[in-house]
Amino acid sequence: ETGVTQTPRHLVMGMTNKKSLKCEQHLGHNAMYWYKQSAKKPLELMFVYSLEERVENNSVPSRFSPECPNSSHLFLHLHTLQPEDSALYLCASSRDSYGYTFGSGTRLTVV
Amino acid sequence: AQKITQTQPGMFVQEKEAVTLDCTYDTSDQSYGLFWYKQPSSGEMIFLIYQGSYDEQNATEGRYSLNFQKARKSANLVISASQLGDSAMYFCAMREAPSDDSWGKLQFGAGTQVVVTP
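These protein sequences, in sequence, are chains U and A.
When you number the first sequence by our numbering, it's gap-free, plus one each residue, and the end is 909.
When you number the second sequence by our numbering, it's gap-free, plus one each residue, and the end is 121.
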């Protein structure tokens, strides 16, 4: 149990599907993050939420839609994805200026 | 611009030997933090060690130590007495102080794949 839980662990979806990734933390952290990790590329920060408010959106296509209903939960809603969106999606949380605690990731395959 | 550089894409190390993973960084901030994470094939990012820019001593955590050379902007990770379970991807990361246009996000290098052999 890492403290940050991501579900599902694996997801295969068609390009016309709609799905959601879920992230949950009960560490008392006040910020949550979505990262994308593609093969042979550095981790890419997608979204940052601080106290449930989105503070950063790194030019992510609109087919990715984040939602942070409270400080413990973070979602990434997916629709009409492309095969190049296949990647490992990592959620993380942090408190103030400390390091991040990561979840185990969701390995997404778009077919 | 890439702020974290890891020049070794992959390394082989024999069990029980020590290995040094290189990391250089670029920042104009005086206050920042440096981190190393381990990512096994399962995907989870595991925090290993932290070094603050104002820390005068090198950080150590068990078999992990960080060789911090501030003037050279390097933060190499040393793993002593390697074990088979150390086989994984290792990422160096930096977090700068928040500013008006930056949340102070954690930025990662490209990683180094370590394979420990018997």
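Treat the hints with care, as some may be off.
[To be verified] Dumping the calculated EDC-like pairs for lysine to aspartate or glutamate here, alpha-carbon to alpha-carbon at most 20 Å: (1) K838(U) x D25(A); (2) K834(U) x E47(A); (3) K6(A) x E18(A); (4) K817(U) x D883(U); (5) K73(A) x D89(A); (6) K820(U) x D58(A); (7) K6(A) x E842(U); (8) K816(U) x E882(U); (9) K6(A) x E20(A); (10) K839(U) x D32(A); (11) K839(U) x D58(A); (12) K76(A) x E20(A); (13) K76(A) x E47(A); (14) K76(A) x D32(A); (15) K838(U) x D58(A); (16) K839(U) x D883(U); (17) K6(A) x E854(U); (18) K839(U) x E59(A).
[Said to hold, decoys possible] For each label pair, taking beta carbons as the anchor points, the in silico distance ranges come out as: (19) T120(A) x E851(U): 22 to 32 Å; (20) L87(A) x K816(U): 34 to 44 Å; (21) Q880(U) x L87(A): 14 to 24 Å; (22) P867(U) x E20(A): 21 to 31 Å; (23) T907(U) x G13(A): 23 to 33 Å; (24) Q880(U) x P121(A): 40 to 50 Å.
By construction, these hints were calculated from the structure, which means they are not laboratory data.
Each residue gets a CB set at the ideal place from its N, CA and C atoms; glycine is no exception.
Quiz prompt | Pair hint outcome, K838(U) versus D58(A) [Cα-Cα no greater than 20 Å] | solution = With Cα atoms ~33 Å apart, K838(U) and D58(A) exceed 20 Å; violated.
Quiz item: Regarding the pair K6(A) and E18(A), is the alpha-carbon distance no greater than 20 Å?
Solution: violated, 32 Å
Quiz prompt | Proposed proximity, E59(A) with K839(U) (alpha carbon, max 20 Å) | solution = Judged against 20 Å, a Cα distance of about 33 Å means the pair is violated.
Quiz item: How does the Cβ-Cβ distance of Q880(U) and L87(A) compare with 14 to 24 Å: does it lie in that range?
Solution: Roughly 38 Å apart at Cβ, these two residues miss the hinted range, so it is violated.
Self-check item: Assessment of proposed distance window 34 to 44 Å (beta carbons of L87(A), K816(U))
Solution: holds, 42 Å
Practice problem: Below or equal to 20 Å on CA atoms is what counts here, so check K6(A) against E20(A). | Solution: violated, 30 Å
Self-check item: Hint check for E851(U) and T120(A) - Cβ pair distance inside 22 to 32 Å
Solution: violated, 48 Å
Self-check item: Distance restraint between K76(A) and E47(A), which requires alpha-carbon spacing of 20 Å or less
Solution: Status violated; Cα separation ~27 Å.
Quiz item: For the pair supplied as a hint, K76(A) and E20(A), is the alpha-carbon distance within the 20 Å limit?
Solution: violated, 26 Å
Quiz item: Are T907(U) and G13(A) spaced within 23 to 33 Å by their CB atoms?
Solution: Holds - the Cβ-Cβ distance for T907(U) and G13(A), about 25 Å, lies within 23 to 33 Å.
Quiz item: CA of K817(U) to CA of D883(U), is that 20 Å or under?
Solution: The hint holds at about 13 Å.
Exercise. Take a look at whether the Cβ-Cβ distance between Q880(U) and P121(A) falls inside 40 to 50 Å.
Key: holds, 42 Å
When held up to the earlier numbered hints, the structure conflicts with 3, 5, 6, 9, 10, 11, 12, 13, 15, 18, 19, 21 and 22 and fits the remainder.
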